[in-house]
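With these hints in hand, go ahead and build the complete structure from the sequences.
Protein sequence lines correspond, in order, to chains W and R. Following numbering that gives the first Met the number 0, the numbering of the first sequence begins with 0 at its first residue and continues without gaps. Following numbering that gives the first Met the number 0, the numbering of the second sequence begins with 0 at its first residue and continues without gaps.
Do not take every clue at face value.
With a straight-line Cα cutoff of 20 Å, these simulated SDA-like cross-link-like pairs (lysine to any residue) come out [as the list claims (entries may be wrong)]:
{"no.": "1", "chain 1": "R", "residue 1": "336", "chain 2": "W", "residue 2": "8"}
{"no.": "2", "chain 1": "R", "residue 1": "74", "chain 2": "R", "residue 2": "139"}
{"no.": "3", "chain 1": "W", "residue 1": "124", "chain 2": "R", "residue 2": "259"}
{"no.": "4", "chain 1": "R", "residue 1": "336", "chain 2": "W", "residue 2": "39"}
{"no.": "5", "chain 1": "W", "residue 1": "124", "chain 2": "R", "residue 2": "131"}
{"no.": "6", "chain 1": "W", "residue 1": "124", "chain 2": "W", "residue 2": "136"}
{"no.": "7", "chain 1": "R", "residue 1": "285", "chain 2": "R", "residue 2": "306"}
{"no.": "8", "chain 1": "R", "residue 1": "317", "chain 2": "W", "residue 2": "124"}
Calculated from the structure, these hints are not laboratory results.
In case you want the letters, here they are:
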Amino acid sequence: MEKPQKLEDINQKLDKCACLYIESYQSLLTYRELMNRALDDGYLNLSKARSLIGCSSLSILQVPLELEAKISIKTSENVDLVKTDDPNVDFELRNINFNLSVSDSDSKEAPLPGWFGVFTPMSLKTSQKSFSRSLNLATCIAECQTKLNTLEIIYQDLLSEKNKLLNV
Amino acid sequence: MFLDVLFNIDNGYLEGLVRGFKSGILKNQDYINLVQCETLEDLKLHLQTTDYGNFLANEPSPLTVSVIDDKIREKYVLEFQHLRNHAVKPLSKFLDYITYSYMIDNIVLLITGHLHQRSVQELLPKCHPLGMFEQMGAITVADTSASLYNAILIDTPLAPYFIDCISEHDLDELNIEIMRNTLYKAYIEDFYNFCKELGGPTGEVMCELLAFEADRRAFMITINSLGVDLPKDERSKLYPRCGKLYPDGLNQLSKAEEYDQVKMIAESYADYRPLFENVGTNPGDKTIEDKFFEQEVKMNLNAFMRQFGFGVFYSFLKLKEQENRNIIWIAECVAQKHRTRIDNYIPIM
Chain W
0 MEKPQKLEDI NQKLDKCACL YIESYQSLLT YRELMNRALD DGYLNLSKAR SLIGCSSLSI
60 LQVPLELEAK ISIKTSENVD LVKTDDPNVD FELRNINFNL SVSDSDSKEA PLPGWFGVFT
120 PMSLKTSQKS FSRSLNLATC IAECQTKLNT LEIIYQDLLS EKNKLLNV
Chain R
0 MFLDVLFNID NGYLEGLVRG FKSGILKNQD YINLVQCETL EDLKLHLQTT DYGNFLANEP
60 SPLTVSVIDD KIREKYVLEF QHLRNHAVKP LSKFLDYITY SYMIDNIVLL ITGHLHQRSV
120 QELLPKCHPL GMFEQMGAIT VADTSASLYN AILIDTPLAP YFIDCISEHD LDELNIEIMR
180 NTLYKAYIED FYNFCKELGG PTGEVMCELL AFEADRRAFM ITINSLGVDL PKDERSKLYP
240 RCGKLYPDGL NQLSKAEEYD QVKMIAESYA DYRPLFENVG TNPGDKTIED KFFEQEVKMN
300 LNAFMRQFGF GVFYSFLKLK EQENRNIIWI AECVAQKHRT RIDNYIPIM
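Shown next, in the form of structure tokens:
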């Protein structure tokens, strides 16, 4: 009797793991799509700004040789207890969170650099914000990716445990 | 009429030449061909069938947008310099006035590049050829506007424009921007007065064009400085006073704190009200800069309806610059394979 119960528990965990995997994969695709769109918008608005103020006013020559990073990424780990349909059956899921932190500020967005002047056209400011948004999306993608990797490992472990039980 | 006849003695050949150059400006059909290009090589092939000819023939593959920009600029600079070399006073002085705006841009480019630890050798090739002057290479030794003036610019044509922006403050990003706009303000007011003194068709055409330029600068400085930490009285010092907005419109603009307030100010002026309608930042919308460019193109084309004036020389250069912007925009869209907004150029003819 114990073996069928264990098998049932493992099956429930496998199902839950598979559902979480598909949900996370869906989120990953969505975030990737959003990030590609943000980058596209950023590059297009940058081109618009270049056509407005001239290619020489918006080029690598305005970027300092020594760059100082305004944003850093800090990681933190937490463990979620994932419950299945049976409230007595659960498993642990380790999540890694990627948090952007801006130096000298409480804001999540980096201050826009003044490399290209102060009275810059709106399209340049829009493009800078698009690139800043893509940073946030990149951290979301990293979180999804690590979650997918963790779920894959958990799924493989559960599958091998199930196979051992079936072969006994 | 008598004075018009005398115009052709010194300037008839050059006016004929500039009208010939103007007829080579890209037409709508040329732009339709350009937007269908899949690669920059296709773009180069299509431009060969226009007045540009084989201007990219000696450029190595793969082509880049900045190379195309440099070669387009080289072509119209050559045409302008030919006109300048054959001009006599007062046309030569008029053409020199046109080059002062590029000198201001070059000075700012050099100072900004130096601020970001770039060498003069890297910066000089990026300067606009129409704005070159002898003392340019030494600009980077100055760290305040006072030293910049005393050491270098005092011997240049821009010296009279520096009176309002000499200070002992270090040249940082905000001060450089204020210096640029103060110089430009003094330059455009001086150019306006020069054209007004010339009078005749030159005065009529140029005063209208320069008034529009002054008002455009006032609007764009206001809009682009929203959210910037700049006191309102400092902002009002940057507005040129030779436009239709002077004095009431400029007073109101100096107090504006939001885009909607700027739009409300423009509503009082019949020339500028339509420019602020149907403007947005979504894909497919026209930006306020686009609307100003469209209006500028219309006014510059109208300048060619007048004869025996110098306005055609100014308008030719401005139309070529717009054509340059159009081609570069199309080239960027082709290079990035982003075709949704490739039609957002400003048609000229």
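Hint by hint, here is what the structure shows:
With a CA separation close to 52 Å, the supplied pair residue 336 of chain R and residue 8 of chain W exceeds the 20 Å bound. Distance check on the hinted pair: residue 74 of chain R and residue 139 of chain R sit about 29 Å apart at the alpha-carbon level, beyond 20 Å; violated. For a cut-off of 20 Å, the pair hint linking residue 124 of chain W to residue 259 of chain R stands: about 18 Å separates their Cα positions. This hinted pair checks out: residue 336 of chain R and residue 39 of chain W have alpha carbons roughly 10 Å apart, not beyond 20 Å.
Of the pairs offered as hints, the one joining residue 124 of chain W and residue 131 of chain R is violated, with about 30 Å between alpha carbons and a cut-off of 20 Å exceeded. Of the pairs offered as hints, the one joining residue 124 of chain W and residue 136 of chain W holds, with about 19 Å between alpha carbons and a cut-off of 20 Å not exceeded. A C-alpha spacing of about 33 Å is found between residue 285 of chain R and residue 306 of chain R, which places the hinted pair above 20 Å, so the restraint is violated. As the CA atoms of residue 317 of chain R and residue 124 of chain W are separated by approximately 26 Å, the hinted pair breaks the 20 Å bound.
The structure shown violates the earlier hints numbered 1, 2, 5, 7 and 8.
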